[in-house]
Structure formats: C-alpha cells, structure tokens
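Trainee: Here is how the chains run, residue by residue.
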Amino acid sequence: MSMNSDKSAPKATDGNSGVEIDEFDPSDSEPDVLEGDAIEGRLERLLRSGRTNALVAWAMVTVLAGVFVESLFDFDLLPMAIIAAMIVVVAAPAVAARDPKVMLPWEVLGLALLPVLVRALFGGEMGTFAAYLAIAAFALIITVEFQMFTTLRVTHWFAVVFVVMTTLATAAAWTVLRWNADRMLGTNLLTTNEALMIEWLYVTLAGLVAGILFDAYFRRREAYLRRVIGWVVRR
Amino acid sequence: MSVRGTLRDHSSPRTQRRVTRVMQVLLVAIVGYGVVFGQPKAITNGGIGLFVTFIPALLERNYNIPPNPWLGVWITSAVFLHTLGSAWFYALIPWWDHLTHALSASLVAGAGYTTLRAIDLHSDQVEIPARFAFVFIFVVVLAFGVVWELFEFALDIVSAKTGISMPLAQHGLDDTVLDQMYNSVGALIVATFGQAHLTGVAARIQKGLYGTLDEGS
Numbered sequence: 010m011s012m013n014s015d016k017s018a019p020k021a022t023d024g025n026s027g028v029e030i031d032e033f034d035p036s037d038s039e040p041d042v043l044e045g046d047a048i049e050g051r052l053e054r055l056l057r058s059g060r061t062n063a064l065v066a067w068a069m070v071t072v073l074a075g076v077f078v079e080s081l082f083d084f085d086l087l088p089m090a091i092i093a094a095m096i097v098v099v100a101a102p103a104v105a106a107r108d109p110k111v112m113l114p115w116e117v118l119g120l121a122l123l124p125v126l127v128r129a130l131f132g133g134e135m136g137t138f139a140a141y142l143a144i145a146a147f148a149l150i151i152t153v154e155f156q157m158f159t160t161l162r163v164t165h166w167f168a169v170v171f172v173v174m175t176t177l178a179t180a181a182a183w184t185v186l187r188w189n190a191d192r193m194l195g196t197n198l199l200t201t202n203e204a205l206m207i208e209w210l211y212v213t214l215a216g217l218v219a220g221i222l223f224d225a226y227f228r229r230r231e232a233y234l235r236r237v238i239g240w241v242v243r244r
Numbered sequence: 157m158s159v160r161g162t163l164r165d166h167s168s169p170r171t172q173r174r175v176t177r178v179m180q181v182l183l184v185a186i187v188g189y190g191v192v193f194g195q196p197k198a199i200t201n202g203g204i205g206l207f208v209t210f211i212p213a214l215l216e217r218n219y220n221i222p223p224n225p226w227l228g229v230w231i232t233s234a235v236f237l238h239t240l241g242s243a244w245f246y247a248l249i250p251w252w253d254h255l256t257h258a259l260s261a262s263l264v265a266g267a268g269y270t271t272l273r274a275i276d277l278h279s280d281q282v283e284i285p286a287r288f289a290f291v292f293i294f295v296v297v298l299a300f301g302v303v304w305e306l307f308e309f310a311l312d313i314v315s316a317k318t319g320i321s322m323p324l325a326q327h328g329l330d331d332t333v334l335d336q337m338y339n340s341v342g343a344l345i346v347a348t349f350g351q352a353h354l355t356g357v358a359a360r361i362q363k364g365l366y367g368t369l370d371e372g373s
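As given, the protein sequences belong to chains A and B, one line each in that order.
Residue numbers 10 to 244, in our numbering, belong to the letters of the first sequence in order.
Residue numbers 157 to 373, in our numbering, belong to the letters of the second sequence in order.
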C-alpha cells in the first residue's frame, strides 16, 4: 500500500489514501489535503501505523493466538473457528500492507476483543452488554476493512447507523441459532421470553452506546489530526 | 423480468387500484364491526391499518413521485392480512401469523433497500455494491424485528400495569423466535427477487425528489 502517492491529489478516491501516519512528514501534509477527503477518508483513517499502537495490537493478537492453540488442543471446533476468524480480521490490514505497523487503533481492537481477552487472561465471563459492545466494535472493524478491500464506500454517519443495526441483527441471528439448537440438539440456551427480551434490551443499549461512542471517537480523531497537521505546518 | 414488465406497464393499473380499494373498504368494515360490537382491538388495528394504506398516495402527491400501483397493493395487503388476523385468523389458522410476518418484513426490507439505493444514488461518498445490499437487507429486517418485539414487550408491560388492552401482544418465546425466522423469509424473498425491480423504484423516487436523474455510479 502506498502511503504517499495520493497525498498531492485534492480528492483521492482509491480508498488507500486516508491511511494515517502518526509521525507526520511536513512535506506531505498540506492542510487542504485533509479538507479534500475529510469525509471519505474518515473511516480509513482509523488505521494507524505508529509503533506503540502496533505493539499493543500485536500483543492482543498474541493472546488470541494462545487461545487458538488452547482450543486446538481441546479440539473445540466453534471457538477455534471464531478465534481464527478474529485473527484474520485483526491482522488483515498489516498483511495487506506488508507492514506489521499498519494496525487498527488499539482502543477499537481492545473493545472488540475485550470478552475474549478477559476470559483468556482472568478467566471471567463478560455480561451481555460488554459482549455486544464488542460485536459492535467488530462490525465497525469489518466495515472499515470492506471499505479498504472492496468497492464499498460509506460515510461516517452511515457506518455508525450500520454498526448499530448490525449489533441488533446479530442478537436476532444468535437467538434463532440458539432456539434451533435447543430444539435439535437438546441444549437449553434460551429460557423464557422475558429473559430474552431483557437480553435484547441490553443489546439495544449496547448498540446505541457503541454508536454514540464511535461517532464521538471519529470526531475526536478528526480534531486530533487537524491539530497535528496544524502543528506540523506551522513549524 | 415479467414483474418488471408489469410494473412498467402503466396502461392497466386499474386492476391493482381496484384490489387496493376493495381491501380498504373491507378495512372500513372491520373498523365498523369494532365500533358496533365494542371490539377495541378491531378499531385500533383497522384504523391504523387504514391510515397506512393511504401513505403511498400521500407520498406520491407530496413528493411528486410517479404513482406505482403495485406499491399500494403490497402495503395494503400486508396491513389487510394483519388486521384480518388480529380480528379472527391468528386464533384460527396457525400459519397466518407467519404469513403476515413474512409479508410485513418484505415491506421493511423493501423500504430499507429503497432507502439504501436512494442514498447510493444521491451521495457521491456512498457506494454500495449489490452483494452488500443483500447483507444490508437482512441486517435491516433482523434489527427492525428486535426493535418491534421490544415494542410489543413494552406494550405488554404497560397493558399488565394499567389493564388497558393493547392491539399487539407477545405470545411466548417460541412465537418471538418464529416471528424472527419468518421475518427473515420475507427479507430473503426481497433480497433475492426484489433487487432488480426496486432499483427502478429508487431511481424514480430520486427523480421525483430531485427532479433530475443522477447517473447512478
């Protein structure tokens, strides 16, 4: 992935141009570059290539890899598949860029992986709210990566709305799966309608909180980038 | 292809109009029945339903969207079958509930997809390829299903606290999950067959709202 090739273009549309570099090079940061693709680039600018960020992110991937090996020994197929998919999603930007420093921001990754990390490191189970907050973060990561790797292009507000809806839809799909498992495999995953409605209520809250959180996060990152660029240009 | 051809055929929208009118008249009859025999459920369901059936005409007039007779039939039959159900058939025919859920979900899916296409056409920054539209339709329908069931749950709580009889109610865990499954059936039908047709509807809405038809990149 070329970091600098499109910086001169006022409005870049190839999707790779918005990748942020934490250490800004004064030569490639005219303020109008940001103005030009401020809206479109907002999503991809979630990507970072700072060293500290990469270290934290890869530390989380290492824990994931540990969990994967553990599930390999226990031969637990479902956790194996889920963890493997998580590793692929998290490592995809670095692999695509052939640069281990290109990783998603650790705070977003941390939110997405929180239930798995807490379970692996401390052995506790997270509640419904935290689990669905993590699913919302994953939906955000996947949206960003689809934007990177396919022709899908969405804006900041579209991504936020989509993430909220995906969180609710995941709860619905998971409920249908559990209900059918209860019927066909004799499990007891669902209890009463009231319990399910209370779970869905928490899921809806988690989805809305995630939406507000991501919206605020996008705005703050935007302001931060403006500050950094302003600082570099003034020098 | 045939669906699309029929939709383009504006020479005989009379049949669709007539079907819509007949269902509206029957809805009025259900409301009347509710008034005469003191059935509040029939009045609220029939009344709200009757109002919903006029939304397409209102939209067409206020936003200058070319009328689509099939849209009227689609919306009116969803509302009509639900009102019939809450008046009699939900209790009599076990699969009636599944039928209305699939049909209403197809409406939600259609509305969601049309909105998506309209955003896609209107905004330069948003571009949604067709295979993502398939996923999007499912996400919209399933998410709407969750919100809807929570709404029914809230009505149940209010009704239990105050003793007021509500037009909608939940009927246990199995019913909630089955509702979601039949909602997905409706979403699947729209996602599979609806895309080709609704693309034209979104373009026409865009044309009605903004005058010119932008080239949909």
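By construction, these hints were calculated from the structure, which means they are not laboratory data.
Check before you lean on any hint, since a few could be wrong.
As the list claims (entries may be wrong) - To be clear about the criterion: a stretch of chain A counts as covered by chain B if any three or more of its residues have a C-beta under 8 angstroms from a C-beta of chain B, and this derived list gives those stretches:
| # | region |
| --- | --- |
| 1 | 79-89 |
| 2 | 130-138 |
Stated by the list, open to error - Per label pair, the in silico range of CB-to-CB distance:
| # | chain 1 | residue 1 | chain 2 | residue 2 | range |
| --- | --- | --- | --- | --- | --- |
| 3 | B | 319 | A | 134 | 37 to 43 angstroms |
| 4 | B | 325 | A | 192 | 20 to 26 angstroms |
| 5 | B | 279 | A | 221 | 38 to 44 angstroms |
| 6 | B | 204 | A | 107 | 57 to 63 angstroms |
| 7 | B | 319 | A | 139 | 56 to 62 angstroms |
| 8 | A | 204 | B | 247 | 24 to 30 angstroms |
| 9 | B | 363 | A | 132 | 32 to 38 angstroms |
| 10 | A | 187 | B | 319 | 45 to 51 angstroms |
| 11 | B | 314 | A | 166 | 28 to 34 angstroms |
| 12 | A | 160 | B | 174 | 40 to 46 angstroms |
| 13 | B | 247 | A | 218 | 52 to 58 angstroms |
| 14 | B | 324 | A | 132 | 53 to 59 angstroms |
Cβ atoms here follow ideal geometry from the backbone N, Cα and C, with glycine treated the same way.
Trainee: For every hint, state whether the structure bears it out.
Mentor: Results of checking the hints against the structure:
By the rule of at least three residues with a Cβ nearer than 8 angstroms to a Cβ of chain B, the coverage given for the region 79-89 of chain A is violated, with 0 such residues. Note: the region 130-138 of chain A has 0 residues with beta-carbon separation from chain B under 8 angstroms; the three-residue rule is not met and the coverage is violated. Our hint of 37 to 43 angstroms for residue 319 of chain B and residue 134 of chain A holds, since their Cβ atoms are close to 40 angstroms apart. For residue 325 of chain B and residue 192 of chain A, the hinted distance range of 20 to 26 angstroms is satisfied, since their beta carbons lie about 24 angstroms from each other.
Take residue 279 of chain B and residue 221 of chain A: their Cβ atoms lie about 23 angstroms apart, and the range 38 to 44 angstroms is violated. A beta carbon spacing of about 58 angstroms between residue 204 of chain B and residue 107 of chain A agrees with the range 57 to 63 angstroms that was offered as a hint. Between residue 319 of chain B and residue 139 of chain A the beta carbon distance is about 38 angstroms. The supplied range of 56 to 62 angstroms is therefore violated. Between residue 204 of chain A and residue 247 of chain B the Cβ separation comes to about 26 angstroms, which falls inside the hinted range of 24 to 30 angstroms.
For the pair residue 363 of chain B and residue 132 of chain A, the supplied restraint of 32 to 38 angstroms is violated, since their beta-carbon distance comes to about 60 angstroms. Checked against the given bound of 45 to 51 angstroms, the beta carbons of residue 187 of chain A and residue 319 of chain B, roughly 34 angstroms apart, lie outside it. Against the hinted window of 28 to 34 angstroms, the Cβ-Cβ separation of residue 314 of chain B and residue 166 of chain A comes to about 33 angstroms, which satisfies the hint. Hint check: residue 160 of chain A to residue 174 of chain B, Cβ distance near 44 angstroms, so the stated range 40 to 46 angstroms holds.
Our hint of 52 to 58 angstroms for residue 247 of chain B and residue 218 of chain A is violated, since their Cβ atoms are close to 40 angstroms apart. Judged by the Cβ atoms, the range 53 to 59 angstroms given for residue 324 of chain B and residue 132 of chain A is violated: they are separated by roughly 43 angstroms.
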